[in-house]
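Assemble the whole structure, with the sequences as input and the hints as a guide.
Going down the list, the sequences are from chains B, L and U.
Count the first sequence with this note's numbering and you get residues 1 to 80, in order.
Count the second sequence with this note's numbering and you get residues 1 to 113, in order.
Count the third sequence with this note's numbering and you get residues 1 to 239, in order.
These are computed hints drawn from the structure, not numbers from a lab.
Even for Gly, the Cβ is constructed at its ideal location relative to N, Cα and C.
Please note: incorrect hints may appear among the correct ones.
[Said to hold, decoys possible] Subject to a maximum C-alpha distance of 25 Å in a straight line, what follows is the list of computed BS3-like cross-link-like pairs (lysine-lysine):
| no. | chain 1 | residue 1 | chain 2 | residue 2 |
| --- | --- | --- | --- | --- |
| 1 | B | K76 | L | K99 |
| 2 | L | K23 | B | K76 |
| 3 | B | K77 | L | K23 |
[Claimed, not checked] Here are the in silico distance ranges between beta carbons for each label pair:
| no. | chain 1 | residue 1 | chain 2 | residue 2 | range |
| --- | --- | --- | --- | --- | --- |
| 4 | B | D78 | U | H171 | 24 to 32 Å |
| 5 | U | G207 | B | P24 | 47 to 55 Å |
| 6 | U | R111 | B | F4 | 42 to 50 Å |
| 7 | U | R111 | L | S106 | 38 to 46 Å |
| 8 | B | L11 | U | I81 | 30 to 38 Å |
| 9 | U | C21 | L | T104 | 27 to 35 Å |
| 10 | B | T3 | U | I81 | 32 to 40 Å |
| 11 | B | D78 | U | C21 | 50 to 58 Å |
| 12 | B | D78 | U | R111 | 28 to 36 Å |
| 13 | U | R111 | B | L69 | 20 to 28 Å |
| 14 | L | D51 | U | C21 | 34 to 42 Å |
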Amino acid sequence: MITFIALIVGLITIISAIHALRNPNMLTSILFLGSMGLSTSILYLLLAAVDVAMTEAAIGCGLTVIIFLFAFRQLKKDRQ
Amino acid sequence: MITIDLVAIALMIIGLWGMMTQKNLIKLVIAFNIFDTGVNLLIVSVGYIKDRMAPVLDSKDLRRQAEELIVDPVPSAMVLTSIVIGVAITALMLVFTVKYYRRTGSLILGEER
Amino acid sequence: MRLTKVFGKMKHRVVLPALLCLILTGLLLWMWVFDRRGFEGLPEISRLYTREAINTLQSQNVITPIVLSWRGFDTYGEILILLLATAGVAYGIRTKREESRSQRRGLEATRIAKAGISILQPLILIFGAYIFTHGHLSPGGGFPGGIVLSSGFILWIITDPQNRLRRDLLHLLESVFGTVYMVLCLLGLILAGSFMNLTYLPAGRMGELFSSGAIPLIYTAVGIKVGIQLLQIVENFRD
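Encoded structure:
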């Protein structure tokens, strides 16, 4: 059962990683990076590393995306 | 767990592939992030032992025979610091990206003005 | 050709070595994964750490004393790296036109979002404080606690572009809690015989809040310091 869940969540992780690199729209690819972080935290939970899962859920899905979005807005502001 | 090992290897290969092929600087930072996640996942997956519990000793049985019942705590402790370092490095790389854009007016490598 | 489609507009001279490099990396990792099958049980060092965590420190979460005491230099180096990254971000993002900082443009959030966040923010701050004060009892600890703490303020930042944090207060708090962390580590050298030895406070009984030596105090200092540093990174990116 755990292997089955790991398979599905791992597929989601890999697909969102590929989309984060291949998507032509930058905003979408940043959001795909966030979805990769969230599904990775579920994988950590399946590996019984609860502390790492909490840290990854807060950082990979929250803080990294926010920093990327702020940097992206900074680039847009500089274009004008 | 063998499935998660393979997922981690796939993430590392995707990240390496992105670092080699992408020319957009933000995409390069994203590829670095994916590679970082893959490495962390592989390190945690090394410490997993089948049918064992998380290293939080919240019952009497668990405390008595902790060494036989919990997974390896050392890789988790290593990765806990490594994730936070990863986000700091990402922020630093994005600052360099912004500076590069201000100086050259382009985000694509090889198209500087 | 398909290869050029996958690899973008790269020359064939570049594509083939890149592909070879990827396949070699994958094969090596694959072989390593199948090579390490057959290990049963914990390694000797993890057994030692588990025994020590139960017997001398009475810590319910085994990971916490490893992060703070036996592998404490990792945490120390990580905090130094975070400090350097904060300084690098603050130096690198600076623009020549200082007047753009005074009048920030940007969308203001709706009234519903503002009201929701004024209710949510205290709860998020309490949750962050709970995570890092209970780091030795439950999963969590200083790093996730600090991030949750900073995310409460980040929510407040993104609802209104006019909201600004007092940077002097942030600098002061960061240096105070960094000093507290170093002093708590040095007390181990003075009172217990070695640097980052946290047994100088009584170990107590396993499962109580005031147990496992100085771990709750030191994790509070680490949590607040990490949270403030990440908040400074985001705040510097904003303008």
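Evaluation of the provided hints:
no.	hint	verdict
1	B:K76 <-> L:K99	holds, 13 Å
2	L:K23 <-> B:K76	holds, 19 Å
3	B:K77 <-> L:K23	holds, 22 Å
4	B:D78 <-> U:H171: 24 to 32 Å	holds, 27 Å
5	U:G207 <-> B:P24: 47 to 55 Å	holds, 54 Å
6	U:R111 <-> B:F4: 42 to 50 Å	holds, 46 Å
7	U:R111 <-> L:S106: 38 to 46 Å	holds, 40 Å
8	B:L11 <-> U:I81: 30 to 38 Å	holds, 34 Å
9	U:C21 <-> L:T104: 27 to 35 Å	holds, 28 Å
10	B:T3 <-> U:I81: 32 to 40 Å	holds, 36 Å
11	B:D78 <-> U:C21: 50 to 58 Å	violated, 35 Å
12	B:D78 <-> U:R111: 28 to 36 Å	holds, 31 Å
13	U:R111 <-> B:L69: 20 to 28 Å	holds, 23 Å
14	L:D51 <-> U:C21: 34 to 42 Å	holds, 38 Å
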